[in-house]
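So the chains spell out like this:
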Amino acid sequence: MKRFALAGNPNCGKTTLFNSLTGATAHVGNWPGVTVDKRDGVYKKCAEPVAIVDLPGIYSLSPYTPEEVIARNYILDEKPDCVINIVDATNLERNLYLTTQILEMDVPVVIALNMMDAVERQGDKIDSKELEKRLGVPVIKISALKEQGLAELMDKAFNESKKQRHGSTVLQDTPLAHLIGDVRIALSGQNVGNPLFHAIKLVEGDELEVSMHKETLPMVEEFKETFEDETFGNDFEALVADGRYKYISKYFAPVLTRKSKEKFVSTRSDRADKVLTNRWAGIPIFLVILFLIFHLTFSENFLFISTFAEWAGNPLPSLGDLGLLTEEGDPINYGVRWLATIYDGTIYSPGVIVNNIWNDMMVGELFGWIQGLIEGSGMEAWAVGLLNNGIIEGLGAVLSFLPPILTLFLFFSILEDSGYMARIAFILDRMFRRFGLSGRSFLPMIMGFGCSVPAMINTRTLADDKERTATVRVIPFFSCGAKLPILTAVAGAIILHFTNGNGSADLITYAMYLLGIVVAIVSVLLMRATTLKGETPPFIMELPAYHAPQFKNLMAHLWDKTKHFVKKAFTIILASTILIWVLSHFSFNWKLLDDEQINESILASVSMLFQPLFTPLGFGSQLGEYGWVFVVAAVAGLIAKENVISTFATLGACLMAVLNVADLGGITVDAIYADDSGISAVVAMIAATNITVPGLISFIAFNMTTIPCFAAVGTAKSELGNKKRFNWTLVFWVVASYLVGAIVYTIGSWWWTLFIWLAVVAGVTCLIVLYNKGKIKIKLPKRASR
Amino acid sequence: MQKTLDKFAIGEHGVVKSVGGEGKIKRRLFDMGITPGAEILLRKRAPLGDPLEITVRSYELSLRITEAQCVTLEVRDATTAGEAVK
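Sequence lines, in order, name chains E and G.
The numbering used here puts the first sequence at residues 1 to 786.
The numbering used here puts the second sequence at residues 787 to 872.
So here's chain E without its partners, still in its complex pose (with noise of 0.2 Å):
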């Protein structure tokens, strides 16, 4: 099958385009190597079916970022059968500088000329037939967005791949023609592929390039030595970007005419612009924006309606008012159900009604129905236990988190779609340098709080190398959707347990959401002064014209997303899940265990060895005899956060078998496997370990700050790319984690620890400055030499 690879600008529409000529048939793989993510998918509609391969947005081949790098190599090394070069026709003059550099390799091109619409509403023409002519390869107008001229430009591709084309530069006219020309000239005699892209990135002194032509190299040296320019001196690099915009607007730029005489013209998006990144306006309106989005997602007081209600004194009605509970506190018909999936004294935000009509109405009762068939069967009564308990609870619970990521999801791809994104590093980027990041690294972060994995992976549009640390490090703080389950469950059974539900868990909640904030704050900045120091990366970044997201984009980004999820749920979590029971039901005779000789397992003898460990953390040997559940449910969430809810599920259910239900106010077994928030399973554990508030508050934050989850640390890997810096983001986590329990948990219990803490925190603060300033000496080991 022949293979076409996508290249272009950031933002000039590649996605769209992607995503109207592979349709269904996308899927997101890896690149070898470097992780990046690598989308391919097939198009149908040639006289054979093609591969597209979709590279990442770049704007040039330089080899600083690392995208650059992947789109270069796998245009060289890979060698596709042609390259659809796609051009934003509203912005000629830098996406052809791309261009000009695409051409120079030996590969079949095709440029698609994009977003012709927008350019023919604004009353402008582009002579695309001239612009074939000076390019030398074919050009084709296209609307991605609109799905026009797209077979035409297949159909073009599909004649060019069968073609040889040798590459041409748009260089011959500068003084550096004669040299590029003899180190060509002189690669081809080494039979190097390439070898005007080769020659090119020579002289430019590119070094990746310097190292693998070490013989031509001494070629280019002595030209360079003799050679000088009036404006560039000795500077080659210059010189050829220089040489390449030049020829871009002597030769290119005159195809495009423009209605309006006007050099800069003020567009719809110019005026959205004003008010958005407004000088005062701008940072305020970010701050609604961002709490709309989690209000929408998860409050439960939509708009706060039934707040004003409430002050206007005509509170709403709840349900069990308007007599449509029974007295159990049931729905009393069908119709009731669904309306309680929306309202119940307060009108749920959207976000909300579609989690319950995800979790009441659909999950919860396929699952019921399935557990119910289980236990009807005759089955012995370990299978249905393992089935029951372990797979189907354990299923149900990590598959209920779906609809909050996904709200969130969608919310960052709309954010991100629209171009707003973008202006939200700008805003920020002076308040982030202030902890040696840029505004950039404000995306990657945010996106935290969806998920790690594409946040970690979004990482890659920060240039620096040393940013980017910092920033995969502390994204995972950023408590993802698979946290907040942890920390619902948690608060609420504080809430539930220790004050008789007066009180407001979200409160902890929120409480628990700064923490993680402050720590990754803290983070940067004793990174950045000590392992991780560095210049602040450079903020040169485009601010894209605003528009209107596409649906049709939306829904490709959260397919993708739920695609993922969903096999995560059925791979690595359902085993995780069964492990997990089979440890706490089996002793090491293999015998199976009652629920409440649990004690006696072999995941209870496993976990009584590392209590000690948490000890100062608030759930270690202070415990007791069941303490160990906690250890088991930190470390279940090093597989998968969701698995920390479904061991809580497991185990809740277990001690209940241990205690009285009397020491629960009134919650029993079923009510535990009835409750999805694992509330009621958290107050089994308390009531079994006696653990104390600050212990439990120390669980949460210990269980946000630690080694996140297997997808998140392999994502981890992968981006970070440097197997050291790697090992040591895995100490990193554990020594952050560690220390941020025993602070919340030591301060809790005794207030007074406050004052050591803070000694040891302005202690280390005087050393580091004292080191950086060069009055303190730390000798580091040598390491041996091999």
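Simulated from the structure, these hints should not be mistaken for lab results.
Take these hints with a grain of salt, some might be off.
Derived PhoX-like pairs (lysine-lysine); straight-line CA-CA distance at most 25 Å [to be verified]: (1) K812/G - K533/E; (2) K793/G - K250/E; (3) K789/G - K466/E; (4) K250/E - K133/E; (5) K803/G - K568/E; (6) K224/E - K789/G; (7) K789/G - K552/E; (8) K810/G - K246/E; (9) K146/E - K259/E; (10) K246/E - K812/G.
Chain E is fixed; fit chain G onto it per the hints.
Only chain G this time, still in chain E's reference frame:
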């Protein structure tokens, strides 16, 4: 009159004369189209005063004051271009 980009007032525009700065930053500025001869309009400053937003080669780019210091321009009179901003 020549001055560096960070000294520009909002709405002022000019033509790039030279680009300085350390390797990586300079290359990035070049790649984004800030080369001698390019026309630049300073559009606005971020709410906290930095970074800046400019129009170059008919698209919008943001860069920090420290990066703008690397770009020297010949100032053009602000009559027509200024209108687009105000």
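Structure-based check of each hint:
1. For the given pair, K812/G sits about 22 Å from K533/E by alpha-carbon distance, which is consistent with the 25 Å threshold.
2. Restraint check for K793/G and K250/E: the C-alpha separation of about 29 Å exceeds 25 Å, so the hint is violated.
3. A threshold of 25 Å between alpha carbons decides the hint, and for K789/G with K466/E the separation of about 33 Å lies outside it, so the pair is violated.
4. Between K250/E and K133/E the alpha-carbon distance is near 14 Å, which keeps this suggested pair within the 25 Å criterion.
5. Restraint check for K803/G and K568/E: not satisfied, since their Cα atoms lie roughly 55 Å apart, outside the 25 Å limit.
6. Taking the CA atoms of K224/E and K789/G, the gap is near 31 Å; set against the 25 Å cutoff, the hint is violated.
7. Restraint check for K789/G and K552/E: not satisfied, since their Cα atoms lie roughly 47 Å apart, outside the 25 Å limit.
8. For the hint pairing K810/G with K246/E, the CA-to-CA distance comes to about 21 Å; that is within 25 Å, so the pair holds.
9. Using a Cα cut-off of 25 Å, the hinted pair K146/E and K259/E holds, with the two alpha carbons roughly 24 Å apart.
10. Under the criterion of a C-alpha separation no larger than 25 Å, the hint pairing K246/E with K812/G is consistent with the structure, at around 17 Å.
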